[in-house]
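Protein chains: 2
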Amino acid sequence: MTVRQMSLPELAHACARLGIPGAGLWREPVRAYGVYAAAGLMRDMGLTVTSLCRGGFLTAADTAGRSRALDDNRAALDEAAALGTDTLVLVSGGLPPGSRDLAGARERVADALAELVPHARAAGVRLAIEPLHPMYAADRCVVSTLAQALDIAERFPPDRVGVVVDTYHVWWDEQASTQVARAGAAGRIHAFQLADWTTPLPHGVLNGRGQLGDGCVDLRHWRRTVDAAGYRGPIEVELFNEGLWGRDGAEVLAETAARFTEHVAGP
Amino acid sequence: MTVRQMSLPELAHACARLGIPGAGLWREPVRAYGVYAAAGLMRDMGLTVTSLCRGGFLTAADTAGRSRALDDNRAALDEAAALGTDTLVLVSGGLPPGSRDLAGARERVADALAELVPHARAAGVRLAIEPLHPMYAADRCVVSTLAQALDIAERFPPDRVGVVVDTYHVWWDEQASTQVARAGAAGRIHAFQLADWTTPLPHGVLNGRGQLGDGCVDLRHWRRTVDAAGYRGPIEVELFNEGLWGRDGAEVLAETAARFTEHVAGP
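Chains as they are written, first to last, in UniProt numbering: chain F, 1 to 267; chain E, 1 to 267.
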């Protein structure tokens with residue numbers, strides 16, 4: 001998504017050229033290209049699919065909406081398996097229209113996970129709950145902190161349900177370091193994503209994630225914290241940023257790789 | 001600030017007409033009108049000044065910036081005393097340019113409060129730390145939760161340093177109800193403010209606070225929670241909202257009073 005302006009083949013070739021060993025993919029471009037074709041492309045280029053984004057949106061209070069969401073998540077799990085990734089990232093969903101019941105919506109997320117876990121087991125894919133920044137609590141994700149995500153995840157086995165640590169969403173939270181340790185000790189860090197925090201936030205607050213090093217997040221501190229929690233998986237850079245999307249994708253990818261070296265890698 | 005389009009006399013007369021018993025004032029219009037003139041106006045109209053907004057911005061890391069901030073807060077305490085309010089609302093301030101050290105900035109807020117408490121005692125005014133929504137952590141307020149605000153406040157006597165509970169900032173936080181109880185038990189709820197949460201958020205996320213009832217905050221639940229914590233002080237409605245500012249102030253004030261009755265007052 002950082003370089004959504006690139007086609008999947010362009011992305012795969014650019015990653016291979018830059019020595020980037022894998023990429024997290026999103027469902028829409030994968031489905032447009034063909035799931036098996038995308039899997040073959042990545043494999044042929046020697047790239048891993050680090051995760052699939054995204055399932056979730058599990059907060060519907062009505063039976064039909066809930067049933068549609070579960071079906072869609074089962075399809076997403078199958079797509080993840082076909083791509084050869086073991087991780088489906090979940091954005092839980094916001095409040096249903098007119099609702100003021102955050103706690104109830106969170107409970108529906110947990111209920112839905114209970115229904116999805118058998119399918120996830122069969123597919124060999126992990127459900128990774130991503131807490132989103134509290135500014136998205138109303139309309140996008142009622143799970144706002146790592147503590148909340150873990151409270152839900154811990155109802156299930158760690159090889160089936162875990163969490164995503166994304167610096168953009170957790171950097172402000174003084175409890176997040178402790179929660180990363182809690183998640184790591186239980187083997188529940190299923191993905192680690194990076195973005196920097198820059199201001200002012202854009203209208204709608206979706207597409208203002210900062211290029212690594214442009215903002216106020218101590219990215220290397222977070223990488224070390226996740227390291228210390230025992231995480232050895234891939235590190236993804238996920239920037240929704242209109243400015244980056246308006247530039248040449250290969251150039252943005254190369255810049256991002258350089259920023260990673262400068263602000264994330266190393267001691 | 002909800003009706004910043006009104007002059008202080010217009011505000012005072014409209015409040016008196018609507019049976020609104022007091023108003024929280026902001027420093028800029030008060031200073032423009034004259035602090036003692038404003039105090040006299042409110043007194044003559046039978047209105048209380050519920051609080052003065054705002055002091056704070058205490059995160060500067062350099063000596064000169066810190067000294068200026070302390071001087072400004074001492075002046076604000078004196079203005080509050082002159083207005084006859086016992087509460088100065090503090091917005092702590094964001095990260096200094098280039099800094100990535102949230103914890104250090106929070107500690108500087110606590111250090112500054114230690115320097116301000118004697119002046120607050122002499123003025124008979126309480127310093128009320130307002131936690132702001134985490135989306136403001138970088139550029140406006142490094143204190144993001146009631147728990148953090150109370151951790152700082154509890155270093156000082158409750159009649160000198162407490163917290164502001166503002167629904168706009170805390171509604172998403174599942175720990176906030178517990179923290180309201182913690183604050184109430186210690187006599188540290190110094191102000192209670194209402195705004196609703198509506199989406200999409202505007203560019204810069206400052207001026208999109210929702211009119212009571214327009215969003216997803218269960219305002220009556222929060223009022224009951226604050227009641228149950230023993231709070232008996234004024235309830236302020238603080239809406240930064242471009243739409244409301246563009247309308248007739250008296251009409252907005254009447255609408256707000258009606259919304260208060262509908263969504264906040266009563267059992």
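It cannot be assumed that every hint is accurate.
Claimed, not checked - Every beta carbon over 12 Å from chain F, so not counted as near; a handful from chain E, in silico:
#1 M6
#2 A37
#3 R100
#4 A103
#5 D111
#6 D139
#7 R155
#8 Q175
#9 W197
#10 G204
#11 G208
#12 I235
What the hints assert, rightly or not - What follows is a list of derived Cβ distance ranges for each label pair:
#13 F:R247 to E:G84: 54 to 60 Å
#14 E:G65 to F:R43: 52 to 58 Å
#15 F:R232 to E:A75: 40 to 46 Å
#16 F:R247 to E:G230: 53 to 59 Å
#17 E:A61 to F:A181: 57 to 63 Å
These are calculated hints, taken from the structure and not from any lab test. Remember, predicted model here, so these are calculated numbers, not experimental data. Virtual Cβ for every residue (Gly too), placed ideally from N, Cα, C.
Evaluated hints:
1. M6: holds (27 Å)
2. A37: holds (36 Å)
3. R100: violated (4 Å)
4. A103: violated (7 Å)
5. D111: Check passes; 17 Å lies beyond 12 Å.
6. D139: Check fails; 5 Å does not lie beyond 12 Å.
7. R155: Given that every Cβ of chain F is farther than 12 Å from that of R155 (chain E), nearest at about 16 Å, it holds.
8. Q175: violated (9 Å)
9. W197: violated (6 Å)
10. G204: violated (4 Å)
11. G208: violated (9 Å)
12. I235: holds (18 Å)
13. F:R247 to E:G84: 54 to 60 Å: holds (57 Å)
14. E:G65 to F:R43: 52 to 58 Å: holds (56 Å)
15. F:R232 to E:A75: 40 to 46 Å: Because 55 Å falls outside the window, the suggested range is violated.
16. F:R247 to E:G230: 53 to 59 Å: 56 Å Cβ-Cβ, so the 53 to 59 Å window holds.
17. E:A61 to F:A181: 57 to 63 Å: Since the Cβ atoms of A61 (chain E) and A181 (chain F) sit about 29 Å apart, the hinted range of 57 to 63 Å is violated.
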